[in-house]
Structures are given as C-alpha cells and as structure tokens.
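K.L.:
Each chain, written out:
2 protein chains.
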Amino acid sequence: MNFDEILDAIYLLPKDSKAKLRDLVTEVTFPKGHILLREEKVERSIYFIKKGIVRAFSIKPEKEHTFWFGSEGETAMSMQSYINDLKGYESIQLLEYSELYKLNTAALKKLFSEDIHISNWGRRFAELELIKTEERLISQQFHTALERYTVLVASNPDLIQRVQLGQIASYLGITQVSLSRIRAELK
Amino acid sequence: MNFDEILDAIYLLPKDSKAKLRDLVTEVTFPKGHILLREEKVERSIYFIKKGIVRAFSIKPEKEHTFWFGSEGETAMSMQSYINDLKGYESIQLLEYSELYKLNTAALKKLFSEDIHISNWGRRFAELELIKTEERLISQQFHTALERYTVLVASNPDLIQRVQLGQIASYLGITQVSLSRIRAELK
DNA sequence: TCTTAAATTTTACAAATGATAAAAAAGGAA
DNA sequence: TTCCTTTTTTATCATTTGTAAAATTTAAGA
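The listed protein sequences correspond, in order, to chains V and L. Take any residue in the first sequence, count from 1 to its spot, add 2: that is its number in this note's numbering. Take any residue in the second sequence, count from 1 to its spot, add 2: that is its number in this note's numbering.
I should point out that these hints are in silico values taken from the structure, not numbers from a laboratory. Any given hint could turn out to be false.
Copies of the same chain look alike in the list, so a pair counts if it fits in one copy or across any two.
What the hints assert, rightly or not - Derived lysine to any residue pairs resembling SDA-like cross-links, with alpha carbons at most 25 Å apart:
| id | residue 1 | residue 2 |
| --- | --- | --- |
| 1 | Lys-43 | Gln-143 |
| 2 | Lys-52 | Glu-137 |
| 3 | Lys-52 | Asn-158 |
| 4 | Lys-43 | Gln-142 |
| 5 | Lys-62 | Ser-182 |
| 6 | Lys-134 | Tyr-13 |
| 7 | Lys-43 | Ile-140 |
| 8 | Lys-89 | Leu-154 |
| 9 | Lys-62 | Ile-176 |
| 10 | Lys-62 | Ser-157 |
| 11 | Lys-52 | Ala-21 |
| 12 | Lys-104 | Ile-8 |
Please model the entire structure based on the sequences and the hints provided.
P.N.:
See the structure below:
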C-alpha cells in the first residue's frame, strides 16, 4: 500500500495538497523487533504502515500490556504525543520487518493551519481513529472474551498466525492461559 | 457554560467563524427522562450540554448497557451518525432536566469545507474525543473494577450522587452486585 | 406520617478467570 | 536431524465475578 493509497483511504485530497504531504514524508524500514517509539517519550512523528505488523504496548507495574496491533494502511503513533504534545503511554514495536512512511507532526500541523483540504484530511483521520477506538471500547466492555476472540479471528485471520498468543491475550484483556482455554473450547 | 465557552474549550476560533457556528445553533431544553436520540437511527444533530447530565446506553440482547455519561460542556451525540452517517448503537437519555445547544451536522460539515478555522475546530473536537475514548479503553482493559470505580469517584464525585448504581456498574463493565461488593470493601 | 414502590445491599451458589507449575508442542540454529 | 529455546497447552487450586433471590434501605406519593 503506497502513500497515496493510504492518504486516499482516509480522505480524498486535491493533487497539490497531496503533493504537499508527500513532500513531508520519508520512507523508512526496520527489522523485526525494532522499537519504533518509546513510552514516556514525546514522539515527534507518526508512521503509516506500508508493509508489516506492529504492536503497541506499555510496561505498567511489572506486566506488559499489548493494547493495539497495526498493519498495512494503519498508523503507528502515540495519540497523546500527536494530539497533546505529551509523552505517550505506549511503546510500538515491529513484529516483523516493516516498511513505513514517516511524517513529522509539527510540519503536518503547519499544513493544517494553511490548507483547508489537509485540515479536513486531519479531521477525517482523527474521526476514523475515534470510531475504531469506540468500537474497541464497546467490544471490551460488553462482550465476553470468547466473543472478542471470535470477532478478532474473523476480522484478522492473519493476525493470529503472525502474532504470539500471549500478546493477543493481553490485547483481549485476558491471560494467556484463558485464551488457550478459549481456543481449546472452539476446537 | 454558554455556547462560546464550549467552543473555546475545544479550539479558539476567530470571531467571525464563531459567529457562523452560533448562527447554526438553537437552544433546547428537555425534562428528566427525555430520550434525546435513539439507537438504530441516523441522528442529524449533535448536542452540546449547557446544563444537566445525560447517559448513552444501548439495549443489546435483553440487557441495557450504559457506556457513557456526559455533563456540562460535553457533547451528546452518536459518533457513527456524525462521522459515517450511519445509525448509532446508542440511545441518549437525560438523567435530569437539561439545557442543550443543538447543532445540525450537515450544516456543520458544510462549514468544514468552507472555513479552515472551523475545519480545524472540527479536527480538534474529534481529537479530544479520541483521547477520552482511548483513556477509557486503557482503563477498561488494564485496570481492575475497583481501580476504575475509585478513579470515577475521584474525578466525578457528583456523578455517584446523581446516577443510579446499576447504570454506573454497567458503565464500569461489571454487575451491580459486584459494584456493591466493591463499595462495601471501601467502607 | 404511612404505604408502597424502587433502589441498593447482602447472601448463597455456580461459573468464569487468574496464578502457578509442569508438560507438550513448535521453532530455530548448529 | 538433533539439541535447545521459546511458545502453547494442560492441570490444579484459589480468587473473582455472575446469577438469582431475599433482605434492607431509600425515595415518593397519598
């Protein structure tokens, strides 16, 4: 998925606005395991995933919590840094070799104030992330672990293949042992 | 909290942009118990709360799930309707007599395409809602019910007084019995 | 105030989940 | 392949949470 397609999937931009964004972007690649951004730091860029899978996690007291998986077309970023210039609570790690488009936040914000199309792109971007997060919240709050796992498998069948179960369990808000039990049930 | 203050709390607008928004808004009041918007319907407006408390809930198979409380300065709306023109999964009900500012979504979107300041206001609006939702999600996923309840009481002491415990329990993602147990522990 | 209804807490039991340890299976490197 | 490490599953027991029903408290109206 190239940069243009990623932009278009969010909000259709006129050619020249798109060009302005393209000028800001650099392509970067990293090996499996690379830490793209670190919790407790203010992150100055956001990364659109061209290819690969990443996970966001934080190491709270002792335990490691995975709270997001991102793949092709999605954006790896700290919302707290992007939105409020605060340090984020998550680290983001590449789960496989990945290719990313890196975009500097400050430069993007400058464009928001200059180009109404890009401003609307930024609005749409936030809105789409909002919907995703709201759906996650509802799923987390009102569905059982079994239901959440079933939905995850149905919507991201490849994820299960490519990601460790302990991380998926954490993402679902349960222990790895519980997830194993759920999987055993389903057989 | 008047309309100007509500706008300013989101993003500072030039006078004339603010005036354009003010022209779109009508003030409405409803009694306790009024259903402001209904699940499974596409909602054409969003409502800024001038005064009062509301709750969003949905009636899934049999059970009623409360997933949001809103009060002064917050916005009562269906994200799915606002963002994707889809029917929302929530109904919103007034928990007390309330005064609201009603804003038509289509008219607002028209301004987004015409006025860069309003477009950036809309971006900021979505971004702030996104941060709130993300924090809810993290809290739900990685903190115990006891922790969540304690935080809720600390940050919204009045809410506990004004809202039924069954609804608060649902909001926390637990049963009313569990919440009673937690409250008994804390005495 | 008294009466009734609604809301909240408590209790008892069942089901689900967590913690821990150990066994089994899968994957990688020499 | 073989050995070694990592990941996943299984088993056991303790804890938490849910369900249902009863007991208590609170609120509201006559």
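K.L.:
Honestly, which of those hints from before does the structure not fit?
P.N.:
Every hint satisfied by this model.
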